[in-house]
Amino acid sequence: MSAPLKPLPAWADVALIPLVNVAAAFVISGFVVLAIGENPLEAVQSLILGALGDLEGIGYTLFYATSFIFTGLSVAVCFHAGLFNIGTEGQAYIAGLGAALVALHFGFLPGYTLAIAAIIGAALFGAAFAAIPGYLQAYRDSHIVITTIMFNYIASAIMGYLLVNVLRKPGQMNAETTPFRDTALVPQFHEVLAHFGIIWPVTPFNLSFLLALICCLAVWLLIWRTRLGYEIRTVGANPTAAIYGGISPARVTVITTLLSGALAGGVAANIILGDQHRLILEFVGGFGFVGIAVALMGRAHPVGIILAAILFGVLYQGGQALSIDMPKISRDMIVVIQGLVVLFAGALEHMFRRPVATLLARRTTQPPI
Amino acid sequence: MEWFNAFIVVFASGMRLAVPLILACFAGLWSERSGIVDIGLEGKILVGAFASAAAATFTGSVWLGLLAGIAAAVVFSLIHGYASIDQRANQIVSGTAINMVADGLTALIGNAIWSQGGRTPQLPAEAQFGVINWPFANEIGAVPIIGPIYQHLISGHDIVTYFAFLLVPLTYWALYSTRFGLRLRAVGENPAAVDTAGISVRGLRYGAVVICGVLVGLAGVYLVLSQEAYFQPHMSAGRGFIALAALVFAKWRPWPALATCLLFGFLDALAIRLQGVELPIIGPVPVQAIEALPYILTVVLLAGFIGKAIPPRASGIPYVKER
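Chain order of the listed sequences is A and B.
Residue numbers are given in the working numbering: position 359 of the first sequence equals residue 359, and the series is strictly consecutive.
Residue numbers are given in the working numbering: position 253 of the second sequence equals residue 253, and the series is strictly consecutive.
The hints are simulated quantities; they were obtained by calculation from the structure and are not laboratory data.
Yeah, the Cβ is synthetic: ideal placement off N, Cα and C, and Gly gets one too.
Wrong hints could be hidden among the right ones.
[Said to hold, decoys possible] Derived contacts from chain B toward chain A, CB cut-off under 8 Å, selection only: (1) 87; (2) 90; (3) 105.
[What the hints assert, rightly or not] Cβ-Cβ distance ranges computed for the label pairs, FRET-style: (4) 203/B x 141/A: 48 to 58 Å; (5) 106/A x 300/B: 29 to 39 Å; (6) 171/A x 136/B: 51 to 61 Å.
[To be verified] To spell it out: a stretch of chain B is covered by chain A in this simulated footprint if at least three of its residues, at any positions, have a beta carbon under 8 Å from a beta carbon of chain A; those stretches are: (7) 107 to 115; (8) 286 to 298.
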């Protein structure tokens, strides 16, 4: 058919190709906006103004970005082991149950240890829910993609049942729990900054963001600086070689999915403990799927994930402003962009490799052989 | 007799709920049997549904609606095919992308055109598929046992439903008794062998992807032109994934796939019927439990506790021709 691909210079591989891929997604998004009959440049302006135009916008942007860092890390950790965890959505949802149960029933814990216990509860529930598909993949040979899809729906059914029939505050119409006590909450930044005399507008942006950054560092250390991380990457690259190297892929699979589920629990810390202060229905709202786009766009590296998560934070917050400025562009546009990012940065990641390689080859003068 | 008639009514309702599942499940069956894993069924149902609603609204013709729905789903199917076959992409990633784009795009365009939060206007009766009543349905309906079966189960459906049920023997025959079917199954198990025999792996897989698009588009068309008479964002409501579960549950075989889709459709009908009903001892029926049953059953099957579900051997693996 065609000649094999020439290797690209390292900088093109790490930076140029991903940028070209993401740019393609945004160019097509621009055409979609054009087709609807709006001006894409004005749309971008409105979007950026809404997301970064004032401190309030920035607060919301970072609040969304916090959730996306957690879901992005959750998906990325599995990527490194060659696993595709679509279940981050359901794991984060069940993690909310863990956070709520601790927040509602461990009131005897002193001070902010309750909030810390609630975060641990979220991580444990998320990990436990991920453990079943992980175990089934590792030891019963059932494909994690299919089982995690099923588990998202099972999570939805469990939480729907519990919130409507068991956990609902008596006499309350909405399916939600009683509000948590103050010590179970993750403090919001405007409260923290008020202690130092700095005035920041009231936004749900909370300390979970710092937790997300710590998790990024921890994931980086784990994946690239520890024995377990090496094992995870080996299993992801070549499970057969891993077995020859004395690594048990089954064990690594289970550990990785546990970590992934625990990271998904961060979403519950951010939204339930940091913003809603009570357990509500469907609080994850598709953020688990955004994590897939974030992980692909960030190339499963924590730094890339932070950048991609902030970009999606901008899109989510700015999309709100955009839908008010241009009612024709509803927030569904963000889902389209997200899908196109997954398509171009994930599925079609090699599509631009050949054109870019030819272009670069033409530019650099070939030394005579 | 009372309970029998009630059973027939629930069963008929389950049958209607099973139709989109059957169409989507067989779409997945054709695709996965050729080695292309398709988790984008959900998105393609939405695309088919939206396109058929839009076309039927603009033209007032049910047939143009049908064609538009199928064409749109085939386009999305071909994107997945291009990524999976020519770009050797991760098919799960590609399917996920299809689902996201479809989910966002249908709601976005629907909202941009009609400004009703993505909902399309109600279609007039002539822009919907009508029910086909078989001869003497009402007269025979009075006969005990056979009557209700004839009246509610055999007669009184629309053309897409009859096609969906016809699809099962058709698929069975095409997959197991034709040259195309044999080659298609072979390409899903061992593409290198097919390639060695001088048959195009790429051609066969693209063929399967197009068939998949037609069928899954039809599932979307059914939701709009036969059931709801309008499009609403996210109206597929997980049917694509239930169909996927049914496909796994049926171990990628046509007749078990039909049985599983009917079972899942029947469970759905039962969940609707039992909403708010108090049972002795159990109390109110936990409807969520019935709704989650298809997923739980599939996981249990996948775990290898009831038989073993082994997918086509080459499914999800891009074929690289050796040079």
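If you check the beta carbons of residue 106/A and residue 300/B, does the distance land in 29 to 39 Å?
-> holds (34 Å)
Tell me if residue 105/B is really an interface residue toward chain A, meaning its C-beta lies closer than 8 Å to one of theirs.
-> Given a least distance of 5 Å, the restraint on residue 105/B holds.
Hint check: 8 Å Cβ-Cβ cutoff, residue 90/B to chain A | holds (7 Å)
How does the Cβ-Cβ distance of residue 171/A and residue 136/B compare with 51 to 61 Å: does it lie in that range?
-> Since residue 171/A and residue 136/B have Cβ atoms about 56 Å apart, the given range 51 to 61 Å holds.
Does residue 87/B pass the interface hint, meaning its C-beta sits closer than 8 Å to a C-beta of chain A?
-> holds (5 Å)
Are 3 or more residues of the stretch 286 to 298 of chain B near chain A, judged by a Cβ distance of less than 8 Å?
-> With 8 residues close enough to chain A, the hint holds.
Could you check the hint for me, namely that residue 203/B and residue 141/A are 48 to 58 Å apart, CB to CB?
-> Since the Cβ atoms of residue 203/B and residue 141/A sit about 32 Å apart, the hinted range of 48 to 58 Å is violated.
Quick one: see if chain A covers the stretch 107 to 115 of chain B, three-plus residues with Cβ-Cβ under 8 Å.
-> holds (count 6)
Checked against the numbered hints above, the structure violates only hint 4.
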